[in-house]
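Q: Reconstruct the complex from the two isolated chains, following the hints.
Sequence order for the protein chains is Y and B.
For the first sequence, the residue numbers in my numbering are 4 to 442.
For the second sequence, the residue numbers in my numbering are 27 to 501.
Simulated from the structure, these hints should not be mistaken for lab results.
Heads up, the beta-carbon is just placed ideally off N, CA and C, and yes, glycines get one too.
Among the hints, erroneous ones may be present.
Unchecked claim - Stretches of chain B that chain Y covers, calculated by requiring three or more beta carbons in the stretch to come under 8 angstroms of a beta carbon on chain Y:
hint, stretch
1, 42-48
2, 105-112
3, 305-314
Unchecked claim - Here are some chain Y residues the structure puts well away from chain B; computed CB gaps all over 10 angstroms:
hint, residue
4, D75
5, R82
6, E292
7, E410
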Amino acid sequence: MKEQFFDLVDRRSKELQKDEVLLANLDQETSDFVRWNGGRIRQCGTVDQAYMNLNLIRGDRSCATIVSITGDVEADDARCRAAIDTLRERLGVVPADPFVLYSEEVHSTDRSDENRLPDPDTVLRDVEETAAGLDFVGSLACGPMRFGFANSLGQRNWEERHSFLLDWSLFHVEDRAVKASYSGFEWDSARFRQIMESTRAQLEIMKREPRTVAPGKYRVYLAPAAVQEFLDTMSWGAFGLRAHRTKQSNLLRLSEGELSLDPRVTLRENTRGGIAPGFQSEGYLRPDEVVLVEDGKFRDPLVSPRSSKEFGAAVNAGAWESPISLDLAPGGLAPSDVLRELGTGLYVNNLWYMNFSDRTACRMTGMTRFATFWVEDGEIVAPVKVMRFDESAYRVLGSELQDLTSEPEFLVVSDTYGGRSSGSHRVPGILLRNFEFTL
Amino acid sequence: MDLEARFREVLPDVEFCSLRLENEAQEFLYVRDDIVLPVRSSSDVGAMITVVDGGGVGYAATADLTSGGLAKAVDRARTWAASSRGRTVTDFSKIVMPHPKGNYTTPVRTPWASVPLSDKISLLREECARVGGDPRIVQRDVSISYVHRETLYLTNDGGRVEQSFDHIVPSIAVTAHADGQTLSRSLGGRGYCRQGGYEVVSECGLDTIGPELRDEVLELLSAPDCPTGNMDVVLDPDQVILQVHESIGHPLELDRILGDERNYAGRSFVTPDMFGSYRYGSDLLNITYDPTRTEEFASYGFDDEGLTATREFLIRNGILERALGGHISQQRAGVPGVACSRANGWTRPPIDRMANVNLEPGDATLGEMIARVEDGVYMKTNTSWSIDDSRNKFQFGCEWGRRIENGKLTHLVRKPNYRGISATFWRSLAAVGNESTFMVLGTPNCGKGEPSQTARAGHAAPTCLFTNVDVFGGE
Numbered sequence: 004m005k006e007q008f009f010d011l012v013d014r015r016s017k018e019l020q021k022d023e024v025l026l027a028n029l030d031q032e033t034s035d036f037v038r039w040n041g042g043r044i045r046q047c048g049t050v051d052q053a054y055m056n057l058n059l060i061r062g063d064r065s066c067a068t069i070v071s072i073t074g075d076v077e078a079d080d081a082r083c084r085a086a087i088d089t090l091r092e093r094l095g096v097v098p099a100d101p102f103v104l105y106s107e108e109v110h111s112t113d114r115s116d117e118n119r120l121p122d123p124d125t126v127l128r129d130v131e132e133t134a135a136g137l138d139f140v141g142s143l144a145c146g147p148m149r150f151g152f153a154n155s156l157g158q159r160n161w162e163e164r165h166s167f168l169l170d171w172s173l174f175h176v177e178d179r180a181v182k183a184s185y186s187g188f189e190w191d192s193a194r195f196r197q198i199m200e201s202t203r204a205q206l207e208i209m210k211r212e213p214r215t216v217a218p219g220k221y222r223v224y225l226a227p228a229a230v231q232e233f234l235d236t237m238s239w240g241a242f243g244l245r246a247h248r249t250k251q252s253n254l255l256r257l258s259e260g261e262l263s264l265d266p267r268v269t270l271r272e273n274t275r276g277g278i279a280p281g282f283q284s285e286g287y288l289r290p291d292e293v294v295l296v297e298d299g300k301f302r303d304p305l306v307s308p309r310s311s312k313e314f315g316a317a318v319n320a321g322a323w324e325s326p327i328s329l330d331l332a333p334g335g336l337a338p339s340d341v342l343r344e345l346g347t348g349l350y351v352n353n354l355w356y357m358n359f360s361d362r363t364a365c366r367m368t369g370m371t372r373f374a375t376f377w378v379e380d381g382e383i384v385a386p387v388k389v390m391r392f393d394e395s396a397y398r399v400l401g402s403e404l405q406d407l408t409s410e411p412e413f414l415v416v417s418d419t420y421g422g423r424s425s426g427s428h429r430v431p432g433i434l435l436r437n438f439e440f441t442l
Numbered sequence: 027m028d029l030e031a032r033f034r035e036v037l038p039d040v041e042f043c044s045l046r047l048e049n050e051a052q053e054f055l056y057v058r059d060d061i062v063l064p065v066r067s068s069s070d071v072g073a074m075i076t077v078v079d080g081g082g083v084g085y086a087a088t089a090d091l092t093s094g095g096l097a098k099a100v101d102r103a104r105t106w107a108a109s110s111r112g113r114t115v116t117d118f119s120k121i122v123m124p125h126p127k128g129n130y131t132t133p134v135r136t137p138w139a140s141v142p143l144s145d146k147i148s149l150l151r152e153e154c155a156r157v158g159g160d161p162r163i164v165q166r167d168v169s170i171s172y173v174h175r176e177t178l179y180l181t182n183d184g185g186r187v188e189q190s191f192d193h194i195v196p197s198i199a200v201t202a203h204a205d206g207q208t209l210s211r212s213l214g215g216r217g218y219c220r221q222g223g224y225e226v227v228s229e230c231g232l233d234t235i236g237p238e239l240r241d242e243v244l245e246l247l248s249a250p251d252c253p254t255g256n257m258d259v260v261l262d263p264d265q266v267i268l269q270v271h272e273s274i275g276h277p278l279e280l281d282r283i284l285g286d287e288r289n290y291a292g293r294s295f296v297t298p299d300m301f302g303s304y305r306y307g308s309d310l311l312n313i314t315y316d317p318t319r320t321e322e323f324a325s326y327g328f329d330d331e332g333l334t335a336t337r338e339f340l341i342r343n344g345i346l347e348r349a350l351g352g353h354i355s356q357q358r359a360g361v362p363g364v365a366c367s368r369a370n371g372w373t374r375p376p377i378d379r380m381a382n383v384n385l386e387p388g389d390a391t392l393g394e395m396i397a398r399v400e401d402g403v404y405m406k407t408n409t410s411w412s413i414d415d416s417r418n419k420f421q422f423g424c425e426w427g428r429r430i431e432n433g434k435l436t437h438l439v440r441k442p443n444y445r446g447i448s449a450t451f452w453r454s455l456a457a458v459g460n461e462s463t464f465m466v467l468g469t470p471n472c473g474k475g476e477p478s479q480t481a482r483a484g485h486a487a488p489t490c491l492f493t494n495v496d497v498f499g500g501e
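Bound-form chain B, shown alone (with noise of 0.2 angstroms):
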């Protein structure tokens, strides 16, 4: 009997029940100062079931897929939704489920499997290789990390989704230590994630950027220290997306809106009432939730708790029109919300994340840009992030800058620093990037909920230009 007939065989009597299959493998690959590392995987096998009756609601985890065991969690959940009855944020019985039918899948051209992994240890081996040779380098690392992960959703009222996901994070860093000061640069971060096969590996670059990055950390050794002062910032995409990521992606999820996370990731200033008129950045700010993309890192067909993902703007023009929040948060908060109600695994349930956030690209060229900068940084590559629980006063730091002097760059600055208020900040976006500039990244490893999970978001940016920020460097 295969899993969908015996979850159906164990359903209960209850208004609502769901099971929620996740199948996840993972490969990391890590090859560090031409040693490979031992090779690790994992494989991750269980389900979720949820109930919602008389109000209440529940959920059991188990990886024991037998009846039996589905028996169990089915029971356990009851009891959960029977304990919760009369004592939840909301009545969840009046909240109607979908019951989806349908299916994804990752589009795919070299599938990981079919290249040996004796092939891919040796180009992590030989990009390693390539970016060595100088004595001021301390450490290389080169890795990728994949991860093929597949659902199948099943609901009482005959809802059926299955989807299958491959996730590739291709990483490259090199760090180089003089005159007691220790220096990395990297492949984006951890910003090239993509969905796809092995070909994501070359799309990032990751077997031509090194003697690029090695360049540039060596020439950062030497580098003064970015100047202090408030000036003209030119962001290039994987700085962008982490600006994006951390002050428009979660102040607009709906759960911390409506206080869900307020013991723990934090809430919001962005309130229900702002939706359809708060003008949360300059004209120049479009941000879509586009799960159509099919490269980006979080693209899917269907949230986890069954809704139809479909692409939104969530700010036009600079005005906020909607929020990050699935079916449930929606039903709560009174506000459109996007099909973003995701887990982390069988393990967890599913709570409001951003997906694929992007910003959309504009018009102008990075020569156009750096032309109208009389004073300002241009800075590469997000490597510090911290902003407070209301999502408002933020800093991030950059492996690379360049000083902008008179429309022109000029020499290398070392730890690019910036802060401000993103409830500000958005409103002095003075310029965005057009195609040219467009990048598709992401975030493997955002953290938020009680119980803790991780998730992967994805967010596609051009560079952009913003005006009069708070600009400081290292000591």
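Chain Y with its partners taken away, still in its complex shape (with noise of 0.2 angstroms):
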């Protein structure tokens, strides 16, 4: 695919006119998807997918389409052609952009991984076997992912990376359930039987009778997943330079210097511990990383090419200017005094479906979701039946930060709309001495 990809970039590149430039960039996957309902197949299938990204500029002009191939070389040298003579036209209609940017230094590089994915019966017996008597609903995502970019300048990047991710949870009834996940290169089937080992132990804790809990302000401790959601609904919107400058983020008030966080927290756009490409769609290589909050404070933006040429910064970031590889510094607190110093309180394992309440002051409402489990004198006694929150990141991450775990988990995006997300967190679990609950 990659000298299919570079060999068709360099036939448009030789037929482009004088001044114009070409950007394209690849997305291909060809993925095994199997859900389960009750740890039977409800739906089970390949996809085969590619998308080229074209971007015609021509000095102050650019405009941008997104074609589907197919793998036969001619085939998609055509459907490209054409793509670009489109392009071509709508170059002589649009007005002139000022903010068009695209590196116009050669960075070439490349990165593959082997190939050492199971073959699918693997996965499904090993469920099959691990998940009887269980009422296991998941899916699996199995498969190659491939990013390519290249231009008329020369530059040419390519990942390659065969992963899977088995998401999973196991119910005991209505929404009692526990949240688990596998991803990684290789499948393991033992590793595989240990994650469900501790997944079917916490299920045994959703057996018993749940607890329901008023309205009210309880100390919390948030683990890994639920600080997953919490940090990426609150990113919305809340790094990028043009956000800022257009008084639009949700941390204004931190970046103006109004509010600070807890001088524990650190969030870094993490590009060298992720698994999103190096590089992105004008062709920038991505920084290893961006420090965004440190000890507390806002420090640098995530900068698109656009932002850079309006507001006069160094690039940094992708066009949508969003972290995809966030990672929060761990803190002091080791995982199995977790309950000790939780005290009584809400042991809450993922939270779900969030929004704002009040995007000035960076509140967002949510629900709990799966395992949350009632703690007494750290003891955990009982779950608890799903509860809405309504809180401050000023407070989560400032005020009412009691502390943080000392081993953040690694966690894969498990979206796959349009295709398999490359986003990931490393979070660790917080301690929280108040979180507010509303119904």
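A: Here is the structure:
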């Protein structure tokens, strides 16, 4: 696929007209998908998809298009040629855009891994054996993902990764369930069984009589998956340079120095430690890391090529100026001490369906989901029925933050909208003095 | 040889096999702060092959539509059907799939392509310029998203359905900042989405609404926060549709009720035994699945598994009658459903998706509803939505609010929010607006499924009055 992609861009580059520049991105994946309900297969299949994103630039004018391609070089070349002809027509119509920017320096990279993925039947068999007698609900996404960039200036970038993600939950009754996932590059049946065993152990607690908790403020421990959800929503429009310069960031009060977070809070866009490609669609290489918040204070925003030209700052991100490999620095709380330090309160494994109650105050609402436990004197007592919360990031990562755990977890984003996500988080759990539940 | 002939040529000897071709072209025009951002488009063509054999089921999706490409996909789908045999949620061989014949085309008055690109860009630039002029405005966005989608559904027993759709989403938003507050007003969020041609742009008011939105957002900057308390709310259609979508549409999806979505999108508080008797809302609540309103966003003649789409009541006079579930889910659950098994393209298999789910109009005027409220808030335009995985405990926020005191509209309030529980909220529906308040809207990006899919949903609704709601504001 790599040679085909580069060959396609070579062919199209040779036919460009004077002063034209072509940027091309490829997203390709061949994915096996299986979904289960009650330990039985609901749907299974294979999706082979490849998309070329073609961006034609002439001076200060730019138009872009995405075309699906088939893998047949001649057919794909004809499709790309027709697409570029249309872009060329549009360039004659659109007005000048003062903020068009692309990398004019050539930085080629190539990173591919070896295919060590399991045969799907191995996973089906392991799930069947391990989940026997359990209400297992989940999905498998497995196969190669390939990302390419090439331009008419001669830059060539390629990343190829063979990975899998099995994301599942075990249900007792109704919404009383435990969530887990297993991701990687090589399937280890023993490791999978180990995770399933630990999930089963939590499921036993979910069988106890659930407790209804009245709205109010409680001591709370948010496990890493819950922290991931919280940070994911908080990040919508939070870190981009444009959002800050146009006063729209939900962390504006942080960047303007009006408020700060706890000094132990450091957030990084950690490209080096993530699984997303190290290049972006205008040909810039992403820096290994961008420190977004350091010691509780806002530091560097994410800067797209467009914002770079508009506001005068170095490019360090893609067009959306959103983190895709977000890390929250760990703290000093040993995971084995979490229950003791929590004392009496709620242990929340997962949060769900968050959104903003007040963007200016970075106040967000959402739900607990899956295994949430009532803890008394450091002992798990009972599962807790789902609760709605409404809290500000300035309290959760600021005034109410008691500690962060010392061992962050690496969590892969399981979304597959349009294609399998290459997003990830590396986050610890956080212990809070107060967390407000409203419904 | 055309695609149908190539499909017939590679048909395997199996109980059921279908091909679903999707050919979708998109165009996105966007002006921000008077600058025309790069015009973006896409062209996506491919097909999904589905095989049912020996009780198992499998699919394979490919962009390679040659005979060789289709044969390879058929082989892959057969292999999956063999692998899943004896391991599936139901014996798929016992479900007799439809073999439909027919076609459907979106009625279009002004084809998108008949309007020059330069004219479309000029319109967006003019509207963007018209909402400027105040230093407190920090961003102005005007855009149109256009999608042309053609589908062909073929089955091994002669089924053949061709459909063609044109979707348009005009959008305008004005964002302003002052005294530490940043607020936006928009054309119904992104709720003004319709099927049709370029005429939709004017019908939705993209070329007239801008100055009104600008004035409203500037007024909101100096308004007090919405008060906290238990009071009545009057919701405009561009909020009612989200309430319908989240707390009626999703809970009635049969795949949620069957448990398929429990690992991701969630389950439902609705259970199969509730159909036919459960009181979902007050007598005033009438909810239809209506694919026949041709201008609505998710109208069609057939769903993606070939079921013929007909208008049905889901809730009548407050009583739950029917689920949102396609052919396979209906067979599995033994519950009446509708033609709503849909995929968001050739790369994803169909799942139960709400299409046009509408709250039917009542007989109240807006003035009558306001006059009935002693203490309340009139809210417009959804800006925030959240609901639990059983679709019960919800919270919504709106862009615009105005206090209602002693039957009269008084001052503006900013950041109005409310929360409640689906199972009881609809029983507090106290008045339903008449046709004069009724609007045809929709939600262009509804997420669900493993692998994940977005879907276009249409919603039409009038203004509605709810009593005894927990309301609150910002900070």
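Q: Which of the listed hints are broken here?
A: 1, 3, 4, 5
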